[in-house]
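A.B. asks: Spelled out from the first residue to the last, the chains are:
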Amino acid sequence: GQSLEQPSEVTAVEGAIVQINCTYQTSGFYGLSWYQQHDGGAPTFLSYNALDGLEETGRFSSFLSRSDSYGYLLLQELQMKDSASYFCAVRGFQKLVFGTGTRLLVSP
Amino acid sequence: SQTIHQWPATLVQPVGSPLSLECTVEGTSNPNLYWYRQAAGRGLQLLFYSVGIGQISSEVPQNLSASRPQDRQFILSSKKLLLSDSGFYLCAWIRDTTEAFFGQGTRLTVV
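Residue numbers (this note's numbering), protein chains in the order written: chain C, 2 to 109; chain P, -15 to 95.
Fair warning: there could be bad hints in the mix.
Said to hold, decoys possible - To give an idea of the interface, some chain C residues facing chain P are shown, with a C-beta separation under 8 Å as derived from the structure: (1) Tyr49; (2) Phe64; (3) Arg92; (4) Phe99.
As the list claims (entries may be wrong) - Between beta-carbon pairs, the in silico distance windows are: (5) P/Lys63 - C/Val14: 47 to 57 Å; (6) C/Gly29 - P/Val95: 34 to 44 Å; (7) P/Val35 - C/Leu52: 18 to 28 Å.
Keep in mind the hints are simulated off the structure, nothing from the lab. For glycine and all other residues, C-beta sits at the position ideal for the given N, C-alpha and C.
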């Protein structure tokens, strides 16, 4: 089976940089993805890593190390609207399993 | 473009009543479809997934069942709801094995 662990909560101030870590255990691995979910809404896709290294999409970057079963999401130039929950997810064969989620609180 | 529809948005049901949540996808064929449940402030728990018509895989034994009567339709059901069935139910499909698209979700409260 699959299991993913993330910190439950992270706090930061506007303009700062924050890193959200994700460690996973899986019997089959095709890639690690990240999703953002605002309160009351559905998750939306942010990024995907199939290979080791860093993927950059605007203010967001995602990193993967398959040998360490570890990845992280890096958010730069934080804005108030970034306050949300962030989930990593492992893509296994035919399944997408989500982590426990990290609640990010951005303060002025 | 592809879209995913899920309804209703909110639902209040008494304990012991039946449930039927429907999800349909437009703009794609033979999608892999998923049902997730999210308890308040918690992560997404995978309930069922389907890779084709009539093909259902269950992840967690429980009071729910799923069916896929048509290629782009996925239904979540229960014969008798329990209080513990309350939560936020999300339907999703995955494009190119990478990106998941979610419906708007159904917030179910069992009273």
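A.B. asks: Taking the hints in turn, state whether each one holds.
C.D. replies: Hints, verified against the model:
1. Tyr49: This interface hint holds because 5 Å falls under the 8 Å limit.
2. Phe64: With a minimum Cβ separation of about 16 Å from chain P (threshold 8 Å), the hint on C/Phe64 is violated.
3. Arg92: 6 Å, holds
4. Phe99: Check passed: Cβ of C/Phe99 comes within 4 Å of chain P, closer than 8 Å.
5. P/Lys63 - C/Val14: 47 to 57 Å: Cβ of P/Lys63 to Cβ of C/Val14: about 50 Å, so the range 47 to 57 Å holds.
6. C/Gly29 - P/Val95: 34 to 44 Å: About 40 Å separates the Cβ atoms of C/Gly29 and P/Val95, which means 34 to 44 Å holds.
7. P/Val35 - C/Leu52: 18 to 28 Å: 25 Å, holds
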